[in-house]
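With the hints as extra help, turn the sequences into a complete structure.
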Amino acid sequence: LAAHIQAIQALIKERGTPVGIEELLPSDAVVPFSGISVAELREFIGQEAQHFQNHRRINEIIKGQLGPDTAAKLQAIEDRLDADYRRFNTSKSRRFNLAYAEGFEAMTCAMGLTSIAEAEAGRGSISPGPWGQLWAWHLAEEMEHRTVAFDLYEHLEGSYPYRVAGSLRAQAHFQRAIDR
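Here the sequence shown is numbered in my numbering, starting from 10 and rising by one per residue.
The reader is advised that the hints may include incorrect statements.
Simulated restraints on C-beta separations [unchecked claim]:
1) 65 / 187: 17 to 23 Å
2) 180 / 67: 18 to 24 Å
3) 99 / 61: 18 to 24 Å
Mimicking SDA-like on lysine to any residue, the simulated pairs with C-alpha atoms at most 20 Å apart in a straight line are [unchecked claim]:
4) 72 / 62
5) 72 / 140
6) 82 / 100
7) 101 / 163
8) 82 / 163
9) 101 / 166
10) 82 / 189
By construction, these hints were calculated from the structure, which means they are not laboratory data. Ideal placement from N, C-alpha and C gives every residue a C-beta, glycine not left out.
If you want it as structure tokens, here you go:
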């Protein structure tokens, strides 16, 4: 069961942010925030695109190893999430999508921090060797994602109550996707 939950989490993470940061920028005239220039933000977006593609590759490997029935169930989750995110992009506001993205990234950041703390305590999913190092790097990158999503939300929207509501919405959405 734990392996299946991790597989689902990896699949959901691939689609975790309904809108790319690129789509949230009104123009190149955005006043840089937190000392980040628009050029640096675009560079980060390119990194995110690579991250997304790597998740996609891993997801296909995972599905290939779980057998056709489980792979079909995971594909159904991916398809439902894709439909949800397409709907978010067409019917929800930038504010909604930013708050959702920040909330989702806050959740994966917390998961990363927990995994690192568990590994430091001699437990958890970070094993020694190259795969463990890759996983640790990935968890650190999740913290970076949250930081950028938070900074962008704060700069463009800045409502604490709405951000908290968006965070709860994103996390409930994630949990429902796993529970199906």
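Would you list, in rising numerical order, the hints stated earlier that this structure does not obey?
6, 8
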